[in-house]
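From just these sequences and the hints, can you work out the full model?
Number of protein chains: 2
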Amino acid sequence: MKALYIKEKGDYPVYEDFHTPEDNDLVKIKMLGSALNHRDLWIIKAQYAGLRYPIILGSDGVGIHNDRRMIINPSHNWGSDQSHQGAEYKILGLPDNGTMAEYCCLDNKYLYDAPDHLSDAEAAALPLAGLTAYRAMFVKGRGQKGQKVLITGIGGGVALFLLQFAIAEGLEVYVTSGNQDKIQKAIDLGAKAGYNYTDSDWASNFSREEGGVDLVVDGAAGEGFADLLKIVKPGGIIVNYGGTKGKINNLVPQTVFWKQISIIGSTMGSDKDFRDMLDFVTRNKIKPVIDSIHKISDYKNAFDKMDNGTQFGKIVLINN
Amino acid sequence: MKALYIKEKGDYPVYEDFHTPEDNDLVKIKMLGSALNHRDLWIIKAQYAGLRYPIILGSDGVGIHNDRRMIINPSHNWGSDQSHQGAEYKILGLPDNGTMAEYCCLDNKYLYDAPDHLSDAEAAALPLAGLTAYRAMFVKGRGQKGQKVLITGIGGGVALFLLQFAIAEGLEVYVTSGNQDKIQKAIDLGAKAGYNYTDSDWASNFSREEGGVDLVVDGAAGEGFADLLKIVKPGGIIVNYGGTKGKINNLVPQTVFWKQISIIGSTMGSDKDFRDMLDFVTRNKIKPVIDSIHKISDYKNAFDKMDNGTQFGKIVLINN
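Chains as they are written, first to last, in the working numbering: chain A, 5 to 324; chain B, 5 to 324.
Calculated from the structure, these hints are not laboratory results.
Beta carbons: idealized from backbone N, C-alpha and C, even for Gly.
Heads up, a few of these hints could be off.
Claimed, not checked - Here are the simulated BS3-like pairs of lysine-lysine, each with C-alpha atoms no more than 30 Å apart in a straight line:
#1 K234/A <-> K234/B
#2 K13/A <-> K263/B
#3 K234/B <-> K249/A
#4 K6/A <-> K94/A
#5 K149/A <-> K263/B
#6 K249/B <-> K251/A
#7 K276/A <-> K94/B
#8 K49/A <-> K263/B
#9 K276/A <-> K263/B
#10 K234/A <-> K237/B
#11 K249/B <-> K276/A
#12 K32/A <-> K11/A
#13 K237/B <-> K237/A
#14 K234/B <-> K251/A
#15 K234/A <-> K94/B
#16 K49/A <-> K234/B
#17 K251/A <-> K263/B
#18 K234/A <-> K263/B
As the list claims (entries may be wrong) - Restraint ranges, calculated between C-beta atoms of paired labels, are given here:
#19 D117/B <-> G150/A: 39 to 49 Å
#20 Y57/A <-> N209/B: 32 to 42 Å
#21 S211/B <-> G215/A: 39 to 49 Å
Listed below in structure tokens is the structure:
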């Protein structure tokens, strides 16, 4: 079969022949499409734990099995505790070969019927980012109708699912971005307002204009994180699911304890979270925001786009 | 009456005549004793929000009302939300005159029968630190039997209640201190082991020797806080109730979200927390650790002791 894989450390991925997987204990799915995550980019750059080669990229995917269109849960071996993943946890696409290939073999329990209202590209775009967003917003963030939520760094896959999920649940959504176009697009999708975090006064302006929020969901961390303490109401929650901007500094403990703020880390999600996320997406007829759809053979342009950070929504690879 | 009060900003407190309080809407309690908190020291140093003068010091106290020995809840106007205090919240002893006097006037709803198993000094030592510890350990920290908990900075009033409460509930307790004598005293009180945080390898040593903990309860913050991320197990909780060591720096977000750690601020407690704390102390026959008992007229030695940080347990002032 053809597959998008990295031959050796330091190599750029190739789309070339690869042995077709066969495993009697697993189900073989004929892939229709996959989607990019930052994780794939970090693996390409050899900046990820547990690298091994050759490795087929891809955590997200949709494909055909027994004439049914199946969506893949990439979150494997979660374990028995809903509060966190266990020691055997792994994400599809490293160490196991991923979804960017003609075929993918995996345990039947990670296959779910794809929601009917989604196109192949939309179904491919959903799994990893949708799961991460669902857990961060509802399981760890306990977001609920009537609350105000701030979503940082709008434009990325997880942030856009956070936006769509929060709006569907009846929260009032605010966003930040370093890019005014992305803020406008988020408002077009239903956000109440957006703030440009490159403006050093954005947090004070936010507080004056909007008051506080019940919940912040952040994927950036870094120097800007301390500003989030000013934005959140007493008793509020800040969920962090990513660290693209690096270490967190300058947290004033008196603010944390006097406002009784909770800072809660969240990553991926359990099997239950995935089922709940699919139910939520189906019930609310949510369609993932797609930045662009590329043929899998055109993967270089797709990865370049993600590396430049210019995308708004998921970048999808289609097999045919 | 005699009272321990600060006349004007910058003045050291005096124990002198003060007008006896009278208020038909409030209950007048004849004080038996009070206890020191760091809060009182910061007020003396004029390093506290909302300073006003003259002000009688003291948040903790026990006294007589209608021939019953009553203990005082210093946490006033909590409000309707259990998750945090409301905008009208205040702590007894600023802005309202406090407990270090012959008489104290306060709303009847903040008076509770003092547990019979406590001496006057022990009852005086309980309220503020006991409340803070109870909420941090059980409400915010969700500490439960069989868990492992690390309590930082053992020796202070809150930290020692945390130790006693955790042991009574059946948790396995570990402590840190910068002082080996305090560690030994904590072990004598039932802690499993203690680590000296002035040893830069203490966190690695802890992990190797003890594995991780389910819960950390910390009152220090500062540069050492980042080490606590190494100590806590995946899915674990770090509660912070104080910031004597200053700002929190160098938190690695990848550790926070991948381990799904919760960092939760906690302060004081609601009326419900105070009732629950009193019930817990009564049921478990917990006796506060007393560092020393001073006559109220000997307050200078008492405050000096707290300022030097040499105490192990609560410092109590007795009225007669």
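Okay, the hints, checked on the actual structure:
1. K234/A <-> K234/B: Distance of about 27 Å is within 30 Å: holds.
2. K13/A <-> K263/B: holds, 27 Å
3. K234/B <-> K249/A: Cα-Cα ~21 Å, so holds.
4. K6/A <-> K94/A: Roughly 24 Å separates the two Cα atoms, so the pair holds.
5. K149/A <-> K263/B: Given pair K149/A, K263/B holds - Cα atoms ~28 Å apart, limit 30 Å.
6. K249/B <-> K251/A: Within the cut-off at roughly 19 Å; holds.
7. K276/A <-> K94/B: violated, 43 Å
8. K49/A <-> K263/B: The given pair, whose Cα atoms are some 23 Å apart, holds under the 30 Å limit.
9. K276/A <-> K263/B: holds, 19 Å
10. K234/A <-> K237/B: holds, 29 Å
11. K249/B <-> K276/A: Not OK: K249/B and K276/A at ~41 Å, beyond 30 Å, violated.
12. K32/A <-> K11/A: Judged against 30 Å, a Cα distance of about 22 Å means the pair holds.
13. K237/B <-> K237/A: Holds: K237/B and K237/A sit about 28 Å apart, inside 30 Å.
14. K234/B <-> K251/A: Holds, because 15 Å separates the two Cα atoms, which is no more than 30 Å.
15. K234/A <-> K94/B: Between K234/A and K94/B the Cα gap is close to 21 Å, so the pair holds against 30 Å.
16. K49/A <-> K234/B: Between K49/A and K234/B the Cα gap is close to 27 Å, so the pair holds against 30 Å.
17. K251/A <-> K263/B: holds, 15 Å
18. K234/A <-> K263/B: Judged against 30 Å, a Cα distance of about 25 Å means the pair holds.
19. D117/B <-> G150/A: 39 to 49 Å: holds, 41 Å
20. Y57/A <-> N209/B: 32 to 42 Å: About 36 Å separates the Cβ atoms of Y57/A and N209/B, which means 32 to 42 Å holds.
21. S211/B <-> G215/A: 39 to 49 Å: holds, 42 Å
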